[in-house]
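**Q** Here is what each chain is made of, one letter per residue.
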Amino acid sequence: MPIVSRPDFLPGLPKWSRKTLFALALFGICFAFAFPVLWLILTSLRPESGVYYVHRGTEFTLASFAEVLTDDRIVSAFLNSALISTLATIFSLLVTVSSGYMLSRFTGPASRIWFGTIYVFRCIPYISWVLPLYFVTQSWGLYDTYTGLLLPHVAVHICFFSWLMKGFFDGIDPSMEYAAMIDGCTRWGAFIRVAIPSALPAISALAVLCWLFTWNEFLFALILTGNRVPMITVVMAQFVTEMGLRWNLMAATAVMALVPAFLVALFGQKYVIRGLRI
Amino acid sequence: MFGEQQRFMLFLIAPAALLMLLFQVLPIVIGANASFRDWALYNPKKIWVGFSHYYAVLSDPAFLYVVLPNTFLFMILSVAGALVAGLALALLLNRPFRGQKLVQTILLVPLMVAPVVAAIMIRWMFNDQFGIVNTVLEAIGLEGQPWLVQRWSAFGIILLTDIWLWTPWFTLLLLAGLQSLPKEPFEAAAIDGTTTWRVFRFLTLPMLRPVIVVCVVIRAIDAFRTFDIVWTLTGGGPGRSTELFSLYAYVHAFLNLDLGRGSAAAIIGGLIILVIGVVLYRLVDRIAKA
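If you read the protein sequences in the order shown, they are chains Y and S. Note that the working numbering gives residue 9 to position 9 of the first sequence, counting from 1, and the numbers run on in steps of one. Note that the working numbering gives residue 58 to position 58 of the second sequence, counting from 1, and the numbers run on in steps of one.
Calculated from the structure, these hints are not laboratory results. Be aware that one or more of the hints could be misleading.
[What the hints assert, rightly or not] Distance condition first, Cα-Cα at most 27 Å in a straight line; then the derived BS3-like pairs of lysine-lysine:
(1) Y:19 to S:289
(2) S:183 to S:289
(3) S:183 to Y:19
(4) Y:270 to S:183
(5) S:101 to Y:270
(6) S:101 to S:45
The following block holds chain S by itself, in its conformation from the complex:
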């Protein structure tokens, strides 16, 4: 039935496809099924209830006015912050100087730190009684803040932790991109006496755009599903004010023990990010072809 080449291709992807089928496709189908049923973990009746879980999620003020805005705000700010910081660092490191290896190694540190560990460190630093941040603030005469029990300061700290974790990732990839750019346009610009800003704006940035776009797309999609740092830093609190989408689905499924509603939330979030992902992919494709 298949030619020799088709058989070879099939065998190359068969193990991966099988694993994905069993551990991703199948669970998603089961989750979709559960999202239409009355499936409380303590009393799984499994009666068909139609779209009522979807209705419950989409009419939940906590989901509409806290979780969704939080998730999108987090996605945009964390990617933008890490991109700007990462690009600045990549430009700074893209010149020879003494100790470059050392600086590069130090910059790699956050890449090795587990998000949970990062969250623990930051939580300890911003501890309201004994944290170093409040100690320093009080030493210079300012008032210490209960950072993690106010909505926006807690959100800011989550954001800061995420940017700390992912800036090096941007730096590394952008630096690799910078170093593979052709030298000639820059030499021409230097001969013409172009200012540094114009070189950056009209040469570096456009030539680096494909790398930037790929980084942003990968990171944006990952930022949407952030779970671990929020869970460890605030648990979604104070109240539920820093909950992101993944936390919302988890809380409904495993703390409120309502698998139906948790699955519905997980499917809604999955659909949202799929739409975003396809749009972003189009964008990458267009930029890659341009």
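Here chain Y stands alone, though its shape is the one from the complex:
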């Protein structure tokens, strides 16, 4: 048994009122964080006539979802977003795991310069390079294509993820890799066969984050795509200005955009929490 317990919540009050207050506080917090999402879900389930009085009436229907799913543009936006997010995750990991490993395992001018570069580019606002990137992709014929959207998405994650990956590798003792090299492993062998397997939880956390970031990203898709490669965030933002009055359809699309993110996060939650703790 520990010598002392953790500090009490609001000491000085009687125990029962402390417990009640604690429970109320927890409930209030959960409510504040969940309410907007619950309200969105409720709106999406209301028929068109009931959407303006969401709080009144008990009719529920899935018609809005059915209508949204007949819209080719929305369906293809979902598929595009899923495809780009998945590919961006794979490529980001390939690129950043090695870059983070370099930052963690080597000291010296090269490592310092690379770290400085990464920090500087992490600071530069997206708009400063995505805005002219519009012209770059156009002159390379990449505007409004999968490649033209995928590669900038991979590029943007390099800075932050290399930095996170460095932190993860810092927490892993390198002596195993040295032992492997003494036993005749090459540097690449030590990196791929020893370092990467022990960093797998962290890599999984990174994969979850990367997928979510890409799925949720808006500015890149807005600037770098037109009609051929619609992405779900852009389609929704257009929706809200063009069809601002059809809130049931809006809500249904938004709920469907939430579902994959929720599944990924729910599945990946333990990796993220464990990964962040290293």
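Here the structure of chain Y is known, so what remains is to put chain S in place on it, guided by the hints.
**A** Relative to the frame of chain Y, chain S by itself:
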């Protein structure tokens, strides 16, 4: 020329460096070039015009008296709000109780919500005719507000949305930080009968400072470039009163079709945040070494 180790290091970073060169460095150079030229999207003459775009941006009252104050105010308030709320939640969750897993999962919800989706939800909740907020206000006898068409209420809602989105991020990282603190100082304090406030002020806060500073720096830099929630909630309106820096550059480049001026604005903003970023980095370094 290079030793075996140098070659290994080079190969490790080569793909990342190549991607950054093509998709970040090159565009920035092209943008810098465009910012010195007469580059209207409908009629790109590309004539050299020197610093006139920079002059136009820096003497634009909308930029000086609306966009810059908005951006800094937003950056400071959103980081401060999310930090205070996140720290409070982390302290609350840093004790065992029944249902902790559930609360933690619910707290993670905003982390999964796309900023665009969050903005849509909030916009719907604060809809002046049918939104739940006005409905509740009217039910308790208060007057409903046209939230998104008044400058400061619109700004407040943008801020609220951002704090809602990022508080869990602070909570998660600070909670991880709290749980990795050594137990002994807290036990010593408890034996000495120190009050909760003094434990927080003189033990928890100083020991947690490195984590707090890193979170604040990352978040502050990200808050500076906020685009999506403003775009979806107000589009910079009413008028242009809630425009932030990213929106200003976007509007000039793609709505006013003046790439030169948009690029100049983007470069000015980039330089401002770089200065802030370097100063903050020094701060992190000093605190990490202390």
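**Q** Check each numbered hint against the structure and report the violated ones by number, ascending.
**A** Checked against the structure, the hints that fail are numbers 1 and 6, while the rest are satisfied.
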